[in-house]
Structure formats: C-alpha cells, structure tokens
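Undergrad: Here is what each chain is made of, one letter per residue.
Number of protein chains: 2
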Amino acid sequence: MTINYKKELETAAKSMILVHEPDVLIKMIARTIVHRIKVSHAAILLHEKDKSTYVLDISKGQVGVKIPAGFARMDTDNPLIQFFLTGKGKKIFNDGPFLHDKAREILNSNSDDAIKELLKGALQQMDIYESVVCVPSYFRDELLALLLLGKKSDGSVFGQEELDFFMALASDVAMAIRNAQLFRELENELDKKKRLFFNTAVAFAAAIEAKDHYTHGHTNRVTALGLEITKKMAHQNKTYAEPVFMENLHVACLLHDIGKIGVPESILNKIEPLTQDEWIKIKEHPMIGVNILQSIKELEEVILGVKYHHERYDGSGYPEGLKGDQIPIIASIISVADAFDAMTTNRVYRAAKSREVAINEIQQLRGRQFHPLITDVFITLCQEGVI
Amino acid sequence: MTINYKKELETAAKSMILVHEPDVLIKMIARTIVHRIKVSHAAILLHEKDKSTYVLDISKGQVGVKIPAGFARMDTDNPLIQFFLTGKGKKIFNDGPFLHDKAREILNSNSDDAIKELLKGALQQMDIYESVVCVPSYFRDELLALLLLGKKSDGSVFGQEELDFFMALASDVAMAIRNAQLFRELENELDKKKRLFFNTAVAFAAAIEAKDHYTHGHTNRVTALGLEITKKMAHQNKTYAEPVFMENLHVACLLHDIGKIGVPESILNKIEPLTQDEWIKIKEHPMIGVNILQSIKELEEVILGVKYHHERYDGSGYPEGLKGDQIPIIASIISVADAFDAMTTNRVYRAAKSREVAINEIQQLRGRQFHPLITDVFITLCQEGVI
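Protein chains in written order, with the working numbering: chain A, 1 to 387; chain B, 1001 to 1387.
In case anyone wonders, no lab produced these hints; they're calculated from the structure. A few of these clues could be false.
Said to hold, decoys possible - Only pairs whose alpha carbons sit at most 30 Å apart, straight line, appear in this in silico BS3-like list of lysine-lysine:
hint, chain 1, residue 1, chain 2, residue 2
1, B, Lys1193, A, Lys211
2, B, Lys1049, A, Lys193
3, B, Lys1270, A, Lys283
4, B, Lys1270, A, Lys281
5, B, Lys1297, A, Lys51
6, A, Lys194, A, Lys152
7, B, Lys1297, A, Lys231
8, A, Lys193, B, Lys1007
9, A, Lys231, A, Lys192
10, B, Lys1151, B, Lys1211
11, A, Lys211, B, Lys1211
12, B, Lys1152, A, Lys7
13, B, Lys1194, A, Lys51
14, B, Lys1211, A, Lys193
15, B, Lys1151, B, Lys1007
16, A, Lys194, B, Lys1297
17, A, Lys27, B, Lys1007
18, B, Lys1211, A, Lys297
19, B, Lys1088, A, Lys193
20, B, Lys1231, B, Lys1297
21, A, Lys193, B, Lys1270
22, B, Lys1051, B, Lys1120
23, B, Lys1281, A, Lys270
24, A, Lys88, B, Lys1007
25, B, Lys1231, A, Lys231
26, B, Lys1120, A, Lys192
27, B, Lys1120, A, Lys297
28, A, Lys152, B, Lys1007
29, B, Lys1151, B, Lys1193
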C-alpha cells in the first residue's frame, strides 16, 4: 500500500491549525507520523518561549522509546540544537533534515574540525533518542521545534518523497505551533482580565462592607453560599450550569450590597433601633446599587440580582414587590444566602441564631419569603453537610 | 513561464494562517489569485456569521469588475448559494468548482426541470459577477465563502491542475477564515473584559465620589487631565507611549481617591474648618486606597499612583515624604492634575480660583510641590489651549 503524501499533508495541516493547545497539537502530530507513516517512534522537542531550552513533549510509537529522564530537555548549547540554530549545520544538509547515515559519512570524509565536532555531538544526541532523522521546524528565522524520527517499521530506508513530506510537515507544524502560541497568549490575557475584574469587585465590596461594622465577612459568606446553591441547581437543570450564569451569580453575590455606599454611616452603624425614615433609607440600597452599576452593559444580569435580592416570593418584599417567578432566579438565590448569613451572625439589635434554628426558619418561610425550589436545594445542602 | 501550483499553495496557506483579520485575509487571497494566477479579477463572498447572508468582500483585478451596488450581498436563497448549500448542486460537478461553460452544457442536455432552474439562476449570478469559475470554501459542512474568478488574463481556458489548485486553495481559505474568526471572537471577548474592568472602576469611583459633596466630577476631570499630560509626555519619551503605562495611568487616575471610602462622611462633608485630628483622618485616604487594592497583583503600578499622589517634589508631602524622583512618575502626573482641578473648583472653605491664577500657581510651585518635567508639559498644554 503506497501513501499519498500530498493528501496526508493536507489532512494533517488542516486538523493541526485549529488545535490551539500546543500539548494536544504535539501529541496529534506524533500520532500522525507514527501511525500513518509507520515509523517506530517520533519525538518532538518544542521550544519553550522566553527560555533558551527545548522540551521533549512526546515520544510515541509501536515500540515505545525509552528516553532517560535527564534528556527530556535540550538547552540551546546542545549540539543538535546548535546544528540548526547556526547556519553552519543547515548548509551541510542543504536546508534538508539531519540524516543519521549521511552525517556519519560526512564525519568520515570532512576535514573541518569544528564541523566534525558539531556533527559528532549531534549524532550522540540522535543516538540517545534512537533517532535516524531530525527535521527542524522554523517559523521565519525562529527554530520552534525539532521532529525526531525512529526507523521505519518495515526496516527500509526513508526515500526522498518521505523526507520531502517530513520537511513540509515540519513547516506546517511551525505554523500551527505559532498559531497555537498566539491563541494561548490571547487566552492568558483574557484570563488575566477576568481575574482583574473579579478581584476588583471583591476589593470594592470589601471596602464598602468595612463601613458597616456589623457585617464583617458577610459578602464572602453570601458568595460562597450562593455558589454552592447554584452548583447544586446546575446538577438538576443545565441552564444553571452555563458558565455565564455562574459568573453572573458570582459577581451579583459580590456586589449585592454595593448600594450601601449611599446609605449614611450613621444609619448603618446605629446601635439604637432605627426610625421609620431610617428604615426607608436602608431599603434604598438595592436601587442605589442599580444606579451605580446601570451604565455597565455587561452587568445587565448582575444588576437584576442586586436590584431584587430583597424581594419575597409572596410579593411582600422591596423595591418592587415582585412575586414568585417574576423575581429573577439570580436574586432569589442571593435572597436565601443573604438571609441565612444574616440570621447566623450577630447584629447590633440581636444575637446570632444557631445554624439549626436558622435552617428551620428558612424551611418555614419556603414559598413565603423564599423561592420553593431554592429553599429545597438549600435544605438538601444543609442535610448533606455542605452548608 | 509555468506556475508551481504546489508551491504557490504552500506559500499562500502559510501566509494566510497567521492573518487574523478576516478583511485583510480576504484581500490577501484575492491579490494572490489575481497576481500569481493571472485572472482578470477575483471576488470573494464571505459568510456573515449569525446572519443568513454572504457579503462581497473584495473584487480586485487588472481590469476591475464593476459589481452593481445591489449585488454586494447574496442571501441564502440566492441560486448560486443554494447550489452549494444543497447536496444537489455539489453532485452535478462531482464536488468540484462550478464552471460556467460546463453549467451551460448541462443546462442544454439535462432534462430535470428543478436542476435546470437552479443552474439557470446560478448562471445569471455568475454573469453579474463576470465570473467563469465559482469555488466553494467549506469548513466541515459549513459553507464559509465562495471564490468567484474572472477569465484568465491570457484568454486560455482553466486546466485541471488550475482547478485542483483553486479547490485546494478554497479549502485552505476556509481553514484560515475559521481560524481568523476564532481569533476575532477571543479578541472581542478580551475587549469586553477590558471595558468591563474600566467601566467598573469608573462606576465605583463615581459612587465613592458621590459621598464627598464638593468634588462632583473631580475624578473624571483628573482622569482627562492626566491622560492629556501623559499623551504629551509620550511624544517626548516613548516609555510613556507604552499602552500599559497609559492604561495604568488611566486606572490610577480613576482610583486615586478610592480611599476616601474609609474617611467618615462627617469629615468629608464638614463645613467648618477641620481640626488637626480630622486632617490626619483625611490624609489617611491614600493608604486606605492602597489597603483596598493591595491584593490585586495586576494593579501594582496603579497602587503607586494611588499611594503617592499627595507626595511633593521637595519632600513635604504625605504619606511618606518622598522627594524628587523617588516619587513614581505616575503619582507625579496625578498630583498636577489633582491640584489643578482642586484649585479651579469651589470647595466648602474657599471659592474656585480662575484658570489663569491656578496655572500661574502651579508654575510657581514647579520643583517645590510639582515635578519640573510634568509642570512644563502641563504649562505647554495650557499654552496650546488643550487644558
């Protein structure tokens, strides 16, 4: 059975380019070489960006080659790397791959001591990897990777068409690696920005909470409870398993009391019972939160959580007196978490209730203050000891 | 001169894959076809994601084809699109390109009315685009694009090798488009997160500023001034032109007074002169800001701006009494912007100074309160009428 190298190459290049995880990519390439081209094994040395080292990413094959642990990386002063980094080595093989047999011939016939030294070192490396062909993978002038290939499975010698194929493959590999690297960089940048936003929300929430002397750690506890409830709900209904729902819930928990910044400290920290006017002020905090966040388009869902976390299932809550399923689910989740934490911590006007009393009270208020579904999930989590 | 199609393809594919702007990509492909393969013109219809339409992205050539404006897009019910979307059309040309000549032959010989109708409509479209070959570009089962090619410049008919080349090119194009789309999505996501962070910082800064009744709009004005100063500095020294410096300065301006959240409202809004103890409280705001932000690793540089924006060049500022170049430049910039805005707005204890008086005062304090370089940049901006 002959192999259509052109077609193999097209297929390989095509599948490679949309793989944006360098590790997965390398595994794929090695697998392609070993299984389609039938070599005993293939190893790939991948350049570590920002480091002057090449790391062995995989070595697969029917036989399975045993690379000594210490040889799992090559520094740039390694003679095999040097061979391709310096123009010197490239010239010897006319920009082609490094062939073990040919290198041996040149070693015996060439008289240039420096070249002989380099070849000798490179050959030693080839022996360690039990490799007979080494193909460089360049992107522009940068050596991104080296493919190291074992013998052909049928014992024959590589032909020119096969060597051409490896060179073309190596060139595609370089492109795919570069593409994957660019993707990775962008993804890392995205992760960083996500973290930055979350950390900023956490920091601001903590700063605002610090004004209210009696709620130390409240935001963090509500966030933890809210996330547990949502995780449990996600098992039952995949809408809640969407990363975007989880993220919105997370941010909404962090920011649910952000509007307290607009409530005078004198009211927040008052030890005597509040007057009716003062209660009215306190009850403004959800809408103040909405005002702070409303210009941020990306926080549309989060704002619903902030706005309605004091609504009650029977319609007796504030600011709008929404009922039942009119209340956004994100707000109903925060409502349970918020109430449980308020009950179980000391407030200036009353001592903390015990965990059991609080759980019982929430159960009693199922369908009145709290959404029945979320109450049930909460109670289950309590029974399982998660809360 | 014969063309090495295999090599052309390799070169084209290689340059394509790292172009992540679909528009640029399309231009590049059209250019490649027209100049290397020598056709009169090439047009590319690109699928608009989330819309059932294909948009003409470019039509280049030595002749330059005139596409009537109304034909710059094709909906999915267009017979040429239908031809490739339905398996029907694909079968007629054995998965190959749509050839004008061959379509005409089939039209005359085929007896299936539905097929004749489709072919007739498709041929009309080809005529509008003065196109003799139409090559579909699929990614998996999705029709991403159509390449429309004019006649060969030398008047001859396309040979099989050329048609094979176009099919292979179209397949690479699909991959490149898909890759570019994925990149774009990631970049959009990144932009969104950047905006989200900025908008959140703006919203919190505004909320905290709202507590201090006499500084309405202060943060926005300081930010605008700070950015103008930095832009001017960037012309003189490219360190300040780095996007990361500009971003840090921007965020630091937004957050410079964030620590005021920890200063009692009764002090911030006091109408009578402040006592010494109250001044001490006010002067804590930079360090309170540092405490709020310190856990956010990405804000390291920003924190320097927040911490030291009340330092003075002669060492008489707070919190640490740093001198001259010990003061981070980001803080020195905020210092000038902050002082100018404070001087030119009403405060509870004094009326606003005029623009001229304030500028003069800052000039007088050059090298004492303010960094000489930044004072000079500020004065220049005032003279130029920017401030």
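Undergrad: Each hint should be assessed against the structure and marked as holding or not.
TA: Against the structure, the hints come out as follows:
| no. | hint | in the structure |
| --- | --- | --- |
| 1 | B:Lys1193 / A:Lys211 | holds, 29 Å |
| 2 | B:Lys1049 / A:Lys193 | holds, 26 Å |
| 3 | B:Lys1270 / A:Lys283 | holds, 26 Å |
| 4 | B:Lys1270 / A:Lys281 | holds, 21 Å |
| 5 | B:Lys1297 / A:Lys51 | holds, 24 Å |
| 6 | A:Lys194 / A:Lys152 | violated, 48 Å |
| 7 | B:Lys1297 / A:Lys231 | holds, 28 Å |
| 8 | A:Lys193 / B:Lys1007 | violated, 42 Å |
| 9 | A:Lys231 / A:Lys192 | holds, 24 Å |
| 10 | B:Lys1151 / B:Lys1211 | violated, 72 Å |
| 11 | A:Lys211 / B:Lys1211 | holds, 12 Å |
| 12 | B:Lys1152 / A:Lys7 | holds, 27 Å |
| 13 | B:Lys1194 / A:Lys51 | holds, 29 Å |
| 14 | B:Lys1211 / A:Lys193 | holds, 29 Å |
| 15 | B:Lys1151 / B:Lys1007 | holds, 22 Å |
| 16 | A:Lys194 / B:Lys1297 | holds, 13 Å |
| 17 | A:Lys27 / B:Lys1007 | holds, 27 Å |
| 18 | B:Lys1211 / A:Lys297 | holds, 24 Å |
| 19 | B:Lys1088 / A:Lys193 | violated, 48 Å |
| 20 | B:Lys1231 / B:Lys1297 | holds, 26 Å |
| 21 | A:Lys193 / B:Lys1270 | violated, 39 Å |
| 22 | B:Lys1051 / B:Lys1120 | holds, 26 Å |
| 23 | B:Lys1281 / A:Lys270 | holds, 21 Å |
| 24 | A:Lys88 / B:Lys1007 | holds, 26 Å |
| 25 | B:Lys1231 / A:Lys231 | violated, 47 Å |
| 26 | B:Lys1120 / A:Lys192 | violated, 55 Å |
| 27 | B:Lys1120 / A:Lys297 | violated, 49 Å |
| 28 | A:Lys152 / B:Lys1007 | holds, 27 Å |
| 29 | B:Lys1151 / B:Lys1193 | violated, 47 Å |
Against the hints set out earlier in the document, violations occur for numbers 6, 8, 10, 19, 21, 25, 26, 27, 29.
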